[in-house]
Amino acid sequence: MPKGTVHVIDDDLAMRESIDFLLSSAGYEVRLYESAQAFLDLPDVEFGCILSDVRMPGIDGLDLLKRQKAAGSKLPVLIMTGHGDVPLASRQ
Amino acid sequence: MTEPAPPSTELLARDRRLQQGIDGYGVGTWELNLATQELACSATARKLLGVPADAPLTYDTFISLVDPDDREQIALALQQSIEHGDKIDVMYRVAEKDRPSHWLRARGGVVHEDGASYLCGIVLDIDQQKVLEQELRLQQGQLRSILDTVPDAMILIDGRGIMRFFSRAAERMFGMSEREAIGQNISVLMPRPDATRHDNYIDRYNNTGERHIIGIGRIVTGRRKDGSTFPIHLSIGEMESGGERYFTGFIRDLTEYQQTQARLHELQAELVHVSRLTAMGEMASALAHELNQPLSAISNYMKGSRRLLAGSTDPNTVKIESAMERAAEQALRAGQIIRRLRDFVARGESEKRVESLAKLIEEAGALGLTGARNKASCCASLSIRPMIWCWSTGCRSSRFWSICSAMRWKRWPIPIRRSCPPAMRAWRTTWSRSPSRTPAAVCRSRSKPNCFRRSSPPRKPEWGSDFRSAVRSSRLMAAGCGRKRTAPAARRSASRCRWRPSGI
Chain A
1 MPKGTVHVID DDLAMRESID FLLSSAGYEV RLYESAQAFL DLPDVEFGCI
51 LSDVRMPGID GLDLLKRQKA AGSKLPVLIM TGHGDVPLAS RQ
Chain B
93 MTEPAPPSTE LLARDRRLQQ GIDGYGVGTW ELNLATQELA CSATARKLLG
143 VPADAPLTYD TFISLVDPDD REQIALALQQ SIEHGDKIDV MYRVAEKDRP
193 SHWLRARGGV VHEDGASYLC GIVLDIDQQK VLEQELRLQQ GQLRSILDTV
243 PDAMILIDGR GIMRFFSRAA ERMFGMSERE AIGQNISVLM PRPDATRHDN
293 YIDRYNNTGE RHIIGIGRIV TGRRKDGSTF PIHLSIGEME SGGERYFTGF
343 IRDLTEYQQT QARLHELQAE LVHVSRLTAM GEMASALAHE LNQPLSAISN
393 YMKGSRRLLA GSTDPNTVKI ESAMERAAEQ ALRAGQIIRR LRDFVARGES
443 EKRVESLAKL IEEAGALGLT GARNKASCCA SLSIRPMIWC WSTGCRSSRF
493 WSICSAMRWK RWPIPIRRSC PPAMRAWRTT WSRSPSRTPA AVCRSRSKPN
543 CFRRSSPPRK PEWGSDFRSA VRSSRLMAAG CGRKRTAPAA RRSASRCRWR
593 PSGI
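Read top to bottom, the protein sequences are chains A and B. Residue numbering for the first sequence follows the working numbering, starting at 1 and increasing by one per position. Residue numbering for the second sequence follows the working numbering, starting at 93 and increasing by one per position.
A portion of the hints provided could be inaccurate.
[What the hints assert, rightly or not] Which residues of chain B face chain A? A few of them, derived with a C-beta cut under 10 Å, are:
| # | residue |
| --- | --- |
| 1 | 381 |
| 2 | 384 |
| 3 | 385 |
| 4 | 386 |
| 5 | 389 |
| 6 | 390 |
| 7 | 391 |
| 8 | 392 |
| 9 | 393 |
| 10 | 395 |
| 11 | 396 |
| 12 | 397 |
| 13 | 398 |
| 14 | 399 |
| 15 | 400 |
Hints listed in this document are in silico derivations from the structure and should not be mistaken for laboratory results. The beta carbon of each residue, even a glycine, is placed where N, CA and C say it ideally should be.
With the hints as extra help, turn the sequences into a complete structure.
Structure representation (structure tokens):
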């Protein structure tokens, strides 16, 4: 029984696939998106948490967060980054 | 002159001829009777004084002809002569209504005869001489003034090294007055080893004629009166005057020049060092992001696999689990190494100082454009609102570097990234290099040094580029300047640097 859905948004293929492997091994349902735009283009998405990279071409992670908030979406958003900047992380 | 016997006709004739000679050729004779104050003058004397041939003359009439400034010295000379028997030798001017004043010279002395005393003497016209003398003096004064305005110190020495002339600039440079310097050997202005050798240098040149410094110029050390030494550039020329050989030395104080050069080298070295560090930092950042992706992927696969293995009954399960665990740890460890590298590079950049923005931009501009100005014909005009003091985080050189690099890339179209809202504690803007791709090196560390970004591209290329920067103004300094600032948040300063291509 899947525990829930995770929408993974990252521009790097290796990252997407490895996260897919990790989460599915833990029992989550994983949906992969190449970019935030691809995610937003979908008319409706199943309820689940969003796991997004920060730095991406086009709409970046923080921008996505802003849009979700503006749209009043209830989906929780997790931002992950390889940079580890505290101010950046503490912004939202 | 008393004569023991009445003069013979021959002697009289000779006297007459003598008188004619004297009279005819510009020397006037005069005789002042000290008792009666009557003045007897020869025809020439009368002509020189400008009195008619038959007018009676007394001492007083004579004095009235003399220029008022010269009267006193004549009276004094007369006095001396009468009292002590001194010879009279006075130069004075006589003036007349229709003639300009001209110079005369009177020489004479006291003569006693038959119990009476006379003052007798000659008078000469020295006008031309006097005028020449004055002109010469004027020219000499002018020359001296010109020499005094020469910025280099000038010293003249004779063939033996004794100083003959010491210009005003030399006085200032060596801290020694002309009066003290003249007469001393030039070696007093040199430090120890050169001082003892200088006489030998002159001898060697006198004997061999080989020029080691004459006409060549050299950087040597000079010694001031107080003993301190300083670098100087010395040029020497030689000249001859009146059969004697002289040497002229022109000296320029290089202290300031050398200090400036040293400072320039220091700054350039610092700039190079920092640019290397920054390049390394950027590389590290690029690497960090790029490396993190595969390392995270490895770690994810490891952890996922380990989890999948949990329920397995394979005898090797424990070993495989442990191996995967360790592999994941190693991947994370590799990531840590990168992070530490980035931290190391970012470390020297956390001191805070108050700086004058205008000064900073100007200095960085001068340094950054030193090479550029030669290659590209562009001129930088900075219009900076004065009195802006800013807090700058990051070391000075890195600010320089960012300003300098901003200047170098001014021609390339660079998209504008939004700068962070003012509410941020650590101000920074992002700086993007290529229009197509946003490299990961953009937003690097917490305390990124000040960055300059381009404002909207210029409407016309000849307008050059505008650079804007936002800096955090220093509240302390602003308060000191008497201006009120409200919050210590980052404020946009009005520093605009405009680079215009010129001379196209």
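Against the structure shown, which of the earlier numbered hints fail to hold, in ascending order?
-> none
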